[in-house]
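Below are the chains, spelled out letter by letter.
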Amino acid sequence: MAVTDQVAGEGGGKPLMSIGMRRMINHAAIFLTLIALWEFGSRIGWLDPLFYPRPTAILESFWRIYVTQANVWHHLYVSLGLVFIGFAAGSILGVGLGALVGFNPVVRRFLQPYVIVLEATPRIAVAPLLIAALGFGAPPKIAIIMLVCFFAPFINTLSGVVNVNEEKLELFRSMGASKMQTLRKLVLPEAVPVIMAGERLALTAALSGVLVAEFILRDQGIGALILTYTRNLNMASAFACIFTLTIIGFLIFKGMEVLDHRIAFWNHSDATDRMSEKRARAWGNLTGGRNV
Amino acid sequence: MSYMKSLVASTALAAMLAPGALVAQDLDAVRMINPLPRSTVFYPLVVGEAMGYFEEEGVVVELLPSDTSIPYVAFVQNGQADLAMLDATETLNAVIAGTNINTVYEVMQNAPESVAVAATSDATSMADLVGTTVGLVSDRDRAFLQAALDAEGHSIDDVQTVVLGESGPTLAAAVRDGSVSGLVGSINDWAGLEGAGIQVKLITPEELLASPANTFAMNVDMIEERRESIEGFLRAWSKGMYVSVNHPDVVETMLRAAVPEEWENEAAGISLLNGVIGMNVSTTPRAGDLQTEVWSNIQPRLLSSGAIEREVDPADFLNDTYIDAANDFDRAEVDAEAEAWRAENM
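Here the protein sequences line up with chains F and X, keeping their order. Numbered per my numbering, the first sequence spans residues 1 to 292. Numbered per my numbering, the second sequence spans residues 1 to 346.
Since the hints were made in silico from the structure, they are not lab data. Owing to the predicted nature of the structure, the values given are computational and were not obtained by experimental measurement. From the three backbone atoms N, C-alpha and C, an ideal C-beta is built for every residue, glycine too. Errors might be hidden in some of the hints.
What the hints assert, rightly or not - Cβ pair distances, simulated, as ranges: (1) H268/F - D26/X: 53 to 63 angstroms; (2) T120/X - I35/F: 33 to 43 angstroms; (3) A28/F - L209/X: 34 to 44 angstroms.
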């Protein structure tokens with residue numbers, strides 16, 4: 001055995017720790033070592049406290065902004081509300097337009113170049129124009145997030161719809177499948193996993209979008225709070241806010257993975273295996289274990 | 001299906017955040033554009049809200065803090081804001097550009113901007129900065145530096161400038177490490193530095209201190225149309241300002257509750273409040289009054305430093321039509337209300 005992936009117990013070879021658990025412990029050990037080095041480096045003056053506050057100070061800030069002072073909740077509520085509405089609007093537009101452009105070659109010919117040019121335009125440069133056009137408050141922020149979220153679903157939907165396997169398409173045609181049948185049984189199953197990958201990118205990008213929006217329109221939200229903290233040189237609290245966003249970004253990414261497993265389950269062997277097992281069990285219950 | 005449900009739920013959640021959704025039906029929203037969200041720097045707003053003064057006047061303040069490349073005055077012109085908080089140079093340049101605005105109230109009659117050097121620096125005047133690199137917190141501070149150099153017979157060309165941005169660590173490191181000889185910023189920047197243990201000393205020329213710093217400007221066409229609401233807004237602002245005259249501890253308690261993020265560093269919070277009270281409390285007998293003479297006096301200096309293209313007659317843009325109404329309140333009553341607030345909340 002090249003690699004020992006299990007720890008032998010007293011019983012002689014009984015696995016006590018799964019590979020996943022072992023990996024998690026390794027990651028935790030590396031993480032804690034880095035944090036300890038950071039703390040040590042800050043305390044002995046290797047790291048500039050202006051830029052890198054001590055991890056223990058950041059922990060204190062977490063406690064303060066979430067529990068004793070509890071001022072972060074309102075800003076989080078505002079930012080996450082914007083993230084989800086901007087993401088929803090950008091996704092719907094991206095997927096809808098992507099499908100329209102993908103299914104209709106004429107629309108594709110006329111619309112695609114404009115969309116690509118728009119994608120090449122830096123979103124942050126457009127932000128002041130959006131504010132001038134839409135005013136203040138939530139609408140321009142949602143528009144900025146929407147712009148950030150639009151392209152990944154659009155490109156992926158377009159690519160998913162256009163790049164359907166030609167041989168399979170020919171097979172469907174030769175068997176006389178209707179357009180609706182081709183869409184339901186071939187195009188969507190092939191495109192949905194690609195679209196979901198775009199959605200995952202879009203939702204993660206929405207977090208960056210809300211920060212850009214709140215750095216410009218700084219009335220409320222986690223971006224505005226980070227600005228206030230950095231301006232006041234309260235870096236421990238600024239880091240606590242930034243780490244909050246990291247955790248939220250990670251949770252969003254994982255959440256989208258779960259959603260992807262549920263919606264595009266046929267694209268994941270573990271999900272199809274589980275489904276096969278479930279069906280086999282159900283069939284076994286029905287037939288009393290007899291093979292039919 | 002669950003995906004769609006989550007989308008619908010998030011849409012409903014965000015719809016609740018739409019501006020005005022939480023505004024009571026009978027209150028008129030006064031939209032004010034300025035650089036900062038609710039802050040200790042402009043405490044009359046926070047105090048006015050805590051005391052219920054704006055509500056009493058039938059208005060609710062919709063703050064539009066933004067850092068956009070589009071001049072604030074444009075938002076007053078296009079009707080997206082009722083009031084813009086402008087400094088003297090912005091006001092004069094807007095008038096020179098032919099925008100249809102009037103200055104209706106002076107929020108700060110002492111410039112919050114200043115030129116600072118590290119406490120350990122040998123520099124004691126603007127002359128000591130000649131030939132060195134001076135940091136600017138934002139590009140807007142360039143005009144102030146021009147004026148400060150001009151006041152002592154120098155020009156902006158005599159120094160190198162670098163815009164450092166608002167990030168506290170960058171400013172602090174620049175001052176601490178000596179990568180800039182001086183820094184042009186405002187009182188909240190110095191409070192942040194002092195809170196982090198970096199002491200600075202101010203070398204701003206005396207004649208620049210008395211300058212209308214932040215003022216409320218509005219579209220001339222809206223002055224009559226919005227009279228009732230803007231008068232109410234300014235009266236509530238003046239009352240909020242007045243509370244700090246006799247009850248700074250009450251103001252401090254209100255700020256600690258409203259903007260706790262500015263008070264996590266105790267030293268920085270106190271330093272900031274002590275500094276801004278002097279900025280916000282009007283030096284004129286009437287709160288927020290317009291000082292024609294001061295506006296005239298600052299212009300030659302701004303002109304010679306290149307901050308403005310020509311001088312403007314203050315009568316062309318100063319409009320004190322709201323000032324009487326903004327001061328139409330009983331100061332003893334405000335004192336009593338502040339005492340009552342103290343008894344209830346402290």
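Verification of the hints:
Look at H268/F against D26/X: about 55 angstroms separates their beta carbons, and that is inside 53 to 63 angstroms. The hint said 33 to 43 angstroms for the Cβ distance between T120/X and I35/F, and at roughly 34 angstroms that hint holds. Take A28/F and L209/X: their Cβ atoms lie about 57 angstroms apart, and the range 34 to 44 angstroms is violated.
Hint 3 alone, counting from the list given before, is not met by this structure.
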